[in-house]
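Which chain is which? The protein sequence lines are A and B, in order. Every letter in the first sequence is one number past the one before it in the working numbering, and letter 45, counting from 1, is 49. Every letter in the second sequence is one number past the one before it in the working numbering, and letter 209, counting from 1, is 213.
Wrong hints could be hidden among the right ones.
Any copy, or any two copies together, can satisfy a pair, since identical chains are not distinguished.
As the list claims (entries may be wrong) - Straight-line distance between alpha carbons at most 20 Å, and here's what the computed EDC-like set of lysine to aspartate or glutamate pairs gives:
#	residue 1	residue 2
1	Lys-25	Asp-93
2	Lys-44	Glu-64
3	Lys-25	Glu-260
4	Lys-196	Glu-269
5	Lys-104	Asp-142
6	Lys-104	Asp-63
7	Lys-44	Glu-235
8	Lys-25	Glu-261
9	Lys-74	Glu-35
10	Lys-144	Glu-260
11	Lys-44	Glu-260
12	Lys-210	Asp-93
13	Lys-196	Asp-268
14	Lys-197	Glu-36
15	Lys-44	Glu-269
16	Lys-8	Glu-109
17	Lys-104	Asp-38
18	Lys-210	Asp-123
19	Lys-104	Asp-271
20	Lys-104	Asp-194
21	Lys-246	Asp-88
Calculated directly from the structure, the hints in this document are not laboratory data.
There are 2 protein chains.
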Amino acid sequence: MSKKSIYIYIISDSAGETASKLAQASVAQYEELDITFIRKTFVSETAELMEALEGALADEAIIIHTMISKEFIQVANAFCAEHDIFCMDLLSPLVNEISKRSTIEPNRIAGAVHSLNQDYFNRISAMEFAVKYDDGKDPKGFLEADIVLLGVSRTSKTPLSLFLANKNLKVANLPLMPQAHIPSQLWDVDPKKIVGLTNNPDILNKIRQERMRAYGLNPDTAYSNIDCINEELKFAADLYKKIGCVVINVADLSIEETASIIIDELDLQDFSFFG
Amino acid sequence: MSKKSIYIYIISDSAGETASKLAQASVAQYEELDITFIRKTFVSETAELMEALEGALADEAIIIHTMISKEFIQVANAFCAEHDIFCMDLLSPLVNEISKRSTIEPNRIAGAVHSLNQDYFNRISAMEFAVKYDDGKDPKGFLEADIVLLGVSRTSKTPLSLFLANKNLKVANLPLMPQAHIPSQLWDVDPKKIVGLTNNPDILNKIRQERMRAYGLNPDTAYSNIDCINEELKFAADLYKKIGCVVINVADLSIEETASIIIDELDLQDFSFFG
């Protein structure tokens, strides 16, 4: 079992986010794997690229590259062919196919996906919006939001709001408690923009006990009591029914999965592409 | 110029995030392109996959797929070969190469990258941390944070904190103003965990005038006055020098680029891979 670590070099003339995503998704398919990631990003000179390639050769690495410079792509692909290095050129096949179909040449601007255009600033605004209108802080946000998330404590409202903000969507969220006041603005929001989040009582019970323990408190408080949780969930379910909104049980869903379902259910999918 | 839209089908047995990233990065290389994205994600049955493939065929689409089910991959690749559809199978080459080198078989669990494991819950905690300790709300966060961001208004502190949180890093941020009090906790933080953000005065001037206009106010207030901005930037620069922290000028950088620089400078890069 004293195998050598597998080296994966991520080489990019931009931030290398696409290659990182691919590497993460692939590595997640293995329980125990000794992987060393080396990131060589924002490569801007051939010498820098050569240094990265020589490093990969020395480490007998797998190379995943996302480069848009024609020269860099040629240098990298030729080097890998010559030295028989396993190399994935992620951008070229798709860019070449799009150019063939559209008869338009790519700009070949490194990091174009991060260009500081209007979409980019809208995304920053969406993130600031999510922080400003998190946790029901200001119900005025409901009327400006693309999505209003409702949910009892521990249904992932905050991370979900932030994840959706990164896709250029303005999200406000409101925690639900039976004794809490429902702001009147909620009734002015189009129910098609509202998502009711729920969870399984036993999961909430477990999560909340953990949370109390983490705070150094007695785990068996009203917050984690199963009858109280059931009462909260019933209150939430009744409210969702009254509003007529989409309801999602997040019990077995990750943030990414829940976000994807929300985008589909609320017919918002286009937003997620032009961030 | 009445060309047909180019259809890109993103097909995945998970959320399709890797394929989306690739599509975005490629499309960003073209100024004007009529692209229609169709997402068929969380595919769980062969019939569903066939429907997606038939749709792609009818739309003469480009297919990008990220699937881990062996059966789905075979069905998709065979269908595309038969009908001469341009198809990128993103996961297979890398997964096959990793298996070859490690002699370990992949789990082939769809969405494994989103599994609700400890890393996942840590990432959620990191997001909640970023919201809790945004905008200097509670200086106690400085001591628990992996990164403390300092910066005058409009240096991207909030979106940067959230972006880094999504990479499993706990970030607190503090806005700097000459008249503001610097919390004493800041001096107890390891300077190697602190990042001073700055920007060009003319850019801040422009952004802040815009912001005032957006609020329906006179754009020429002290907030946007160039002398005041220079004074703020000098105050920040002096503080950064006193602390001895990394300084980053975000003027020409996107959030992704700034985050990547921070991860490299603070030697945190491993965190970004196991989210």
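Do the hints match the structure? See the list:
1. Lys-25 / Asp-93: both (14 Å within a copy, 14 Å between copies)
2. Lys-44 / Glu-64: Classified as within: same-chain Cα gap 16 Å, cross-chain 36 Å, threshold 20 Å.
3. Lys-25 / Glu-260: both (13 Å within a copy, 14 Å between copies)
4. Lys-196 / Glu-269: within (9 Å within a copy, 44 Å between copies)
5. Lys-104 / Asp-142: For Lys-104 and Asp-142, neither the intra-copy (50 Å) nor the inter-copy (54 Å) Cα distance is at most 20 Å.
6. Lys-104 / Asp-63: Classified as between: cross-chain Cα gap 17 Å, same-chain 36 Å, threshold 20 Å.
7. Lys-44 / Glu-235: neither (53 Å within a copy, 37 Å between copies)
8. Lys-25 / Glu-261: Close inside one copy (15 Å) and across copies (16 Å); limit 20 Å.
9. Lys-74 / Glu-35: between (37 Å within a copy, 18 Å between copies)
10. Lys-144 / Glu-260: neither (27 Å within a copy, 30 Å between copies)
11. Lys-44 / Glu-260: Between. Shortest inter-copy distance 15 Å satisfies the 20 Å Cα cut-off; intra-copy 27 Å does not.
12. Lys-210 / Asp-93: Intra 45 Å, inter 40 Å, cutoff 20 Å: neither.
13. Lys-196 / Asp-268: Within one copy only: 12 Å inside a chain, 43 Å across chains, cut-off 20 Å.
14. Lys-197 / Glu-36: Neither, since 42 Å and 30 Å both go past 20 Å.
15. Lys-44 / Glu-269: For Lys-44 and Glu-269, the Cα distance is within 20 Å only across copies (13 Å; inside one copy 39 Å).
16. Lys-8 / Glu-109: Cα proximity of Lys-8 and Glu-109: across copies only (17 Å, versus 43 Å in one copy).
17. Lys-104 / Asp-38: between (40 Å within a copy, 14 Å between copies)
18. Lys-210 / Asp-123: between (40 Å within a copy, 18 Å between copies)
19. Lys-104 / Asp-271: Result: close neither inside a copy nor across copies, 31 Å intra and 41 Å inter.
20. Lys-104 / Asp-194: neither (43 Å within a copy, 53 Å between copies)
21. Lys-246 / Asp-88: Classified as neither; 64 Å inside a copy, 51 Å across copies.
Checked against the numbered hints given earlier, the structure breaks hints 5, 7, 10, 12, 14, 19, 20, 21 and satisfies all the rest.
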